[in-house]
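> Sequences are here, hints too, so could you generate the full structure?
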Amino acid sequence: KAGVTQTPRYLIKTRGQQVTLSCSPISGHRSVSWYQQTPGQGLQFLFEYFSETQRNKGNFPGRFSGRQFSNSRSEMNVSTLELGDSALYLCASSFAWGNDIQYFGAGTRLSVL
Amino acid sequence: AQSVTQLDSQVPVFEEAPVELRCNYSSSVSVYLFWYVQYPNQGLQLLLKYLSGSTLVKGINGFEAEFNKSQTSFHLRKPSVHISDTAEYFCALVNNNAGNMLTFGGGTRLMVKP
Numbered sequence: 005k006a007g008v009t010q011t012p013r014y015l016i017k018t019r020g021q022q023v024t025l026s027c028s029p030i031s032g033h034r035s036v037s038w039y040q041q042t043p044g045q046g047l048q049f050l051f052e053y054f055s056e057t058q059r060n061k062g063n064f065p066g067r068f069s070g071r072q073f074s075n076s077r078s079e080m081n082v083s084t085l086e087l088g089d090s091a092l093y094l095c096a097s098s099f100a101w102g103n104d105i106q107y108f109g110a111g112t113r114l115s116v117l
Numbered sequence: 003a004q005s006v007t008q009l010d011s012q013v014p015v016f017e018e019a020p021v022e023l024r025c026n027y028s029s030s031v032s033v034y035l036f037w038y039v040q041y042p043n044q045g046l047q048l049l050l051k052y053l054s055g056s057t058l059v060k061g062i063n064g065f066e067a068e069f070n071k072s073q074t075s076f077h078l079r080k081p082s083v084h085i086s087d088t089a090e091y092f093c094a095l096v097n098n099n100a101g102n103m104l105t106f107g108g109g110t111r112l113m114v115k116p
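Protein chains in written order, with this note's numbering: chain P, 5 to 117; chain B, 3 to 116.
If you are wondering where the hints come from, they were derived from the structure by calculation, not from laboratory data. Glycine included, each C-beta is placed from N, C-alpha and C at the ideal position. Don't take every hint at face value.
[Unchecked claim] If you want the ones that stay clear, here's a sample from chain B, every Cβ over 10 Å from chain P, calculated:
1. Ala19
2. Ser28
3. Leu58
4. Ile62
5. His84
[Said to hold, decoys possible] Simulated pairs of lysine-lysine, BS3-like, Cα-Cα distance not exceeding 30 Å:
6. P:Lys61 / B:Lys71
7. B:Lys71 / B:Lys60
8. B:Lys60 / B:Lys115
9. B:Lys51 / P:Lys61
10. B:Lys51 / B:Lys71
11. B:Lys115 / B:Lys51
In structure tokens form, the structure reads like this:
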């Protein structure tokens, strides 16, 4: 069974641009979560989707948004990029919503210049 | 509010020596606990989990952890480490009423020396 797939693996953008990251969960999984990893702040929760509905949202500005499609694939978007948005963005999928094991993808490394 | 504290940011150890990575948590409600490992340029891989039942949990690669509710701890141990165990280790919890949202500790870098 294929794991969680994130595309692209690497991205370079400039300040003010916007970016869209993609995540394909493990087949059959319906829950997708996103995390930001930086050296300074560590791993922080962004948001969680289940059956196309956002179930939880972390403490991030409105520039960060996401969505989930009917096939459970998810995208996250960051608008008006800032230098501080440079990070590894990790996607995780689970079969169910609530108390379920999450399986992580390899991440997308975003560099904002 | 809930939080996870990993008491050591780096742990150097010689190959074949035992190791313990410490994790303490704080939460006003019941939680489930996890340890994840991250190798360079990779995502997170689940080592082990505590959901309920026996407080001693065995995971992959010879790791185990003990859940101690009175001390709110979930320390990770391995009796004999290998060079290949060099990685970043993260302790995390999920509030059992809040979906799958993981709260992570700051991570512990395990450095195994020959």
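> Each hint: holds or not?
Hint check:
1. Ala19: 27 Å, holds
2. Ser28: 16 Å, holds
3. Leu58: Check passes; 19 Å lies beyond 10 Å.
4. Ile62: 13 Å, holds
5. His84: For His84 of chain B, whose nearest Cβ neighbour in chain P is about 23 Å away, the distance exceeds 10 Å, so it holds.
6. P:Lys61 / B:Lys71: 28 Å, holds
7. B:Lys71 / B:Lys60: 17 Å, holds
8. B:Lys60 / B:Lys115: 24 Å, holds
9. B:Lys51 / P:Lys61: 24 Å, holds
10. B:Lys51 / B:Lys71: 15 Å, holds
11. B:Lys115 / B:Lys51: 27 Å, holds
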